[in-house]
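**Student:** Sequence:
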Amino acid sequence: MILKVVVGASAGGPQALKILFNFNTQLKYTIILAMHNLESQTDNFKRYIYSISKQNVHIVDKLTVLDKGIYIPQGGKDLIFFSESTITIDKKSDVVSPSINHLFSSLVPYADKNTYVFLLGGLGNDGTDGLIKLENTNANIYIQKDAQFPYMTKSAMRELERYNLKTLKELNGLLLSLNKKVVR
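Residue numbers for the sequence shown, in my numbering: 1 to 184.
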């Protein structure tokens, strides 16, 4: 079993991630994170994610086999699935990078009941098109209920029929409970 957690975030993301990634244990699975970020801020973002999560944080700059930890893309690039257990980067496909839609859409062929997709708050509607495609898979779709900037989340809720609406604390509890499902 390959357990995958894929997170899309934008405005308000750093504050939201402080709650979502508040872990008191080492995770035994992979989190792939696409959060709109300045190209020049990748190293700072990596340090920030580590400081709040205490997990290994990997910057993806080439074809990468997934292991435990949190994966973020090289600055100015999109993060995409290459296979069920491999991700890579691609050229920026939208005005903002990394594109949440590009990541979510690339996940579709590999999404199953062990796939957990989170859309956090932000401006605009990035993530909605990818979630529409994922809705036709067995992926578990979660949308942040308490988003500081609820435009992305409201856009997705208008278009989707199948999703779970949860607060950041509830999503954090889910991430911690998933650790019990993984045997390594």
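Just to be clear, a hint being listed does not mean it is correct.
Each computed DMTMM-like pair below joins lysine to aspartate or glutamate, with the alpha-carbon atoms no more than 20 angstroms apart [said to hold, decoys possible]:
#  : residue 1 : residue 2
1  : K92       : E161
2  : K54       : E39
3  : K91       : D129
4  : K133      : E161
5  : K91       : E161
6  : K46       : E84
7  : K91       : D67
8  : K180      : D67
9  : K113      : D90
10 : K62       : D90
11 : K181      : D112
12 : K133      : E170
13 : K46       : D67
14 : K133      : D112
15 : K169      : D129
16 : K28       : D43
17 : K92       : D43
18 : K28       : E135
19 : K92       : E135
None of these hints come from the bench; they were simulated from the model. Just so you know, these numbers come straight off a predicted model, no measurement behind them.
**Student:** If a hint holds in the structure, say so; if it does not, say that too.
**Tutor:** Status of the hints after comparison with the structure:
1. This hinted pair does not check out: K92 and E161 have alpha carbons roughly 29 angstroms apart, beyond 20 angstroms.
2. Between K54 and E39 the CA atoms are separated by roughly 23 angstroms; this puts the pair beyond 20 angstroms, and the hint is violated.
3. Using a Cα cut-off of 20 angstroms, the hinted pair K91 and D129 holds, with the two alpha carbons roughly 19 angstroms apart.
4. A hinted pair counts as satisfied when its Cα atoms are at most 20 angstroms apart, and K133 with E161 qualifies at roughly 12 angstroms.
5. Annotation: proposed proximity of K91 to E161 is violated, straight-line Cα distance about 31 angstroms (limit 20 angstroms).
6. Among the hinted pairs, K46 with E84 is inconsistent with the structure: their alpha-carbon atoms are about 24 angstroms apart, more than 20 angstroms.
7. With a C-alpha separation of about 23 angstroms, the suggested pair K91 and D67 falls outside the 20 angstroms cut-off, and the hint is violated.
8. Taken as a hint, the K180 and D67 pair is honoured in the structure, with Cα atoms around 16 angstroms apart against an allowance of 20 angstroms.
9. With a C-alpha separation of about 26 angstroms, the suggested pair K113 and D90 falls outside the 20 angstroms cut-off, and the hint is violated.
10. For the suggested pair K62 and D90, the alpha carbons sit about 9 angstroms apart, so the restraint of at most 20 angstroms is met.
11. Using a Cα cut-off of 20 angstroms, the hinted pair K181 and D112 holds, with the two alpha carbons roughly 15 angstroms apart.
12. Proximity of K133 to E170 is assessed by CA-CA distance (about 25 angstroms); at most 20 angstroms being required, the pair is judged violated.
13. Restraint check: the Cα-Cα separation between K46 and D67 comes to about 17 angstroms, which is no more than 20 angstroms; the hinted pair holds.
14. Distance restraint check for K133 and D112: the Cα-Cα separation of roughly 13 angstroms lies within the 20 angstroms cut-off, and the hinted pair is therefore satisfied.
15. Taken as a hint, the K169 and D129 pair is broken in the structure, with Cα atoms around 26 angstroms apart against an allowance of 20 angstroms.
16. Restraint check: the Cα-Cα separation between K28 and D43 comes to about 24 angstroms, which exceeds 20 angstroms; the hinted pair is violated.
17. A threshold of 20 angstroms between alpha carbons decides the hint, and for K92 with D43 the separation of about 18 angstroms falls inside it, so the pair holds.
18. A distance of roughly 26 angstroms separates the Cα atoms of K28 and E135; the hinted pair therefore is violated under the 20 angstroms criterion.
19. Taking the CA atoms of K92 and E135, the gap is about 24 angstroms. The hint is violated against a cut of 20 angstroms.
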